[in-house]
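Number of protein chains: 2
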Amino acid sequence: MDKTNLDLMNDCDNFPYYETAPHLYEAALDRLYSLQIAGDDDSLLGLVLPGVAEVLRGLPTWTLNDDERTLTLNTGFDEPSRTAVIAATTRAMRETGHFQILSGWRDELYPVYGRNGALLFKIERSASPLFGIVSYGIHMICYTRSKSKSEDGTVGEELNFWVPRRAKSKQTYGGMLDNTVAGGLAAGELPREALVREAEEEASLPAELVEAKAKAVGTVSYFHVRDERAGGETGLLQPEAQYVYDLELPDDVIPKPNDNEVEGFALLSLEEVRANLRRGEFKPNCAVVTLDFLIRHGILTPENEPDYLEICSRLHRRFEFPTVRVHGLK
Amino acid sequence: MDKTNLDLMNDCDNFPYYETAPHLYEAALDRLYSLQIAGDDDSLLGLVLPGVAEVLRGLPTWTLNDDERTLTLNTGFDEPSRTAVIAATTRAMRETGHFQILSGWRDELYPVYGRNGALLFKIERSASPLFGIVSYGIHMICYTRSKSKSEDGTVGEELNFWVPRRAKSKQTYGGMLDNTVAGGLAAGELPREALVREAEEEASLPAELVEAKAKAVGTVSYFHVRDERAGGETGLLQPEAQYVYDLELPDDVIPKPNDNEVEGFALLSLEEVRANLRRGEFKPNCAVVTLDFLIRHGILTPENEPDYLEICSRLHRRFEFPTVRVHGLK
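Those protein sequences? They're chains A and B, same order as listed. Read in UniProt numbering, the first sequence has 103 at position 103, and its numbers run on one by one without any break. Read in UniProt numbering, the second sequence has 155 at position 155, and its numbers run on one by one without any break.
These are computed hints drawn from the structure, not numbers from a lab. Keep in mind it's a predicted model, so treat the numbers as computed, not measured. The beta carbon of each residue, even a glycine, is placed where N, CA and C say it ideally should be. Check each hint, because a few of them may be wrong.
Computed from the model, here is a short list of chain A residues facing chain B with C-beta under 8 angstroms [stated by the list, open to error]:
hint, residue
1, Glu19
2, Ser221
3, Pro306
4, Ser313
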């Protein structure tokens, strides 16, 4: 059955909201352990499944409190020492082979921020969903604009979208459609730096072009509960914030795969993109970034999309967790 | 002292959030009465101050439950009969002269929606903050684009904004800066209809131009607690959703006041707009609609605005209350 745009939103942003479903929200939280650091038990840094918290029980650097449902990192009073403990913990978790998600080990560090944007620690990228911490990334939609003539002779404008298909062999969401450029934001990196790097790595787009023409247009944020399509354990929590960019490409710039993550790019018409959305062909977070584009460009409107207001709000979820203030902190 | 962009956001969206401040949120809710209708006590329709709820105590069509802190409209099982009761109640409240806010009586009805977007009742516009219900409106920023030459000779683009100043005599936010076109959405009206009507009434913009060129670009939603600048009682709750439009105007179209609500329009440079934002010259909700414009147009970026992510989320608050699905229901 065709998916509505709200269905697509629900596929991606699928953790309950307190304001409209307090019982569901509290039931979800009651199962989970709240991640915090010693000396700052006011800050909720992540949400951890019992099966993950359990393996940390008894370790000297972690405290599991079953009454308060907290998991506390109880060592280190600066970022480097916390990062070192987290690294030792995640390496040990990987060595047990117990957590399938860690087989996608990236050797890439994600930052975790506390109140007022302080950098609290860094953590191996593939481990971040085990701790349910906020991760950051960039997504860019590249599109072209061409003149079109309708049957009655009026000249209009047509948008076409450069859409990659993920390699079938990819562990996560293999074979699904993606945004033109998408990637994670490593610790110490600025969003625009990550954008330029990923645009080159994933789509062979020249750095000068991206630097000159890519336009920052906001964020899309959602709280995702991982299912089997994500690979690894299901039920892991993944609050994510994506910095979103638009790039109108001239006709002679053709995105090309530059690594083995993408099968190939196709230039799809708006109608083809919408048909693919309805069929659930897009990776869930790429679908909602596409909805954000359609809203900002006046294609979805309050008159043609019944869930317009709900979708606009859901595309910009505000988190329980402290979030970044300044990227690029080393 | 200069206001940051986050200060502007906090001035407008100033009701606490459960996820980050559960105690503040619950303390706020504990004082308030939840508005609901008989037969549907699952739907929270609004939040009412004790001083307002008190005057309805003992009326046959209303039930005040102090234990559950609910205010229930207990008559009528269809929209017309509920609307009639609400009309009688609000007229009686007006006649007592007790509520200053009702001196701004508009004879204009706002819609209130329940689950799945059902139209539950309509209510006089000026009374809606007394019941703390969601109201809907449209905001449009008209701008011009001109070529500019920087000192090193590179040619860039400059945005200028058509900014009206509200008449000093206006009860609400008199003398403050506004968005080019802004207005409320009456029951039965489509957002685009309201836009065209208000653009004509407030800025003398031709309907054909607005119909052809105004672009729907999303919503801005916030939960505002009214202060003295809004006129009337302070502390009233005003959750609002604005449908946002951009309109790039040709140089020869000059907005002009068409009623006595606006003192005049000025074409301000981006720097002048930003200086006025910092000085708190804009009406609070117009300031945040302007921030949304600056974000969508790549002027505020993740690199130059430390609170970028927080602002993007706060601009799109999701409400406790059911909201519209289809406007224009009669």
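Cross-check of the supplied hints:
no., hint, in the structure
1, Glu19, "holds, 4 angstroms"
2, Ser221, "holds, 6 angstroms"
3, Pro306, "holds, 4 angstroms"
4, Ser313, "holds, 4 angstroms"
Of the numbered hints listed earlier, not one is contradicted by the structure.
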